[in-house]
Amino acid sequence: MINLKQDAVTALELAEQLNVSPSTLATWRSRGTAGPKFIRIAGRIYYLKADVEQWFNEQLAAA
1 MINLKQDAVT
11 ALELAEQLNV
21 SPSTLATWRS
31 RGTAGPKFIR
41 IAGRIYYLKA
51 DVEQWFNEQL
61 AAA
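Under the UniProt record's numbering, think of the first position of the sequence shown as 1, with each following residue one higher.
To be clear, the hints were calculated from the coordinates, so they are not data collected in a lab.
This list has only true hints and no planted wrong ones.
Listed below are the simulated DSS-like cross-link pairs for lysine-lysine, each with C-alpha atoms no more than 30 Å apart in a straight line:
#: 1; residue 1: Lys-5; residue 2: Lys-37
#: 2; residue 1: Lys-49; residue 2: Lys-37
#: 3; residue 1: Lys-49; residue 2: Lys-5
Please read all numbers here as calculations on a predicted model, not as lab measurements.
Let's have the full structure, built from the sequences with the hints guiding it.
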């Protein structure tokens with residue numbers, strides 16, 4: 001079972017970590033082709049840390 005406090009970050013937290021705006025993350029989510037996978041729980045957006053790490057590694061490999 002996922003523990004959100006340990007295993008996930010909010011969109012705002014991820015935006016700060018990636019040094020992008022929250023609206024950039026929203027654009028990526030709406031396009032569905034960019035950014036890490038996300039989950040929506042009770043209207044809030046969360047990113048699982050494992051998914052963020054996988055996405056980041058894919059970006060590094062593609063660079």
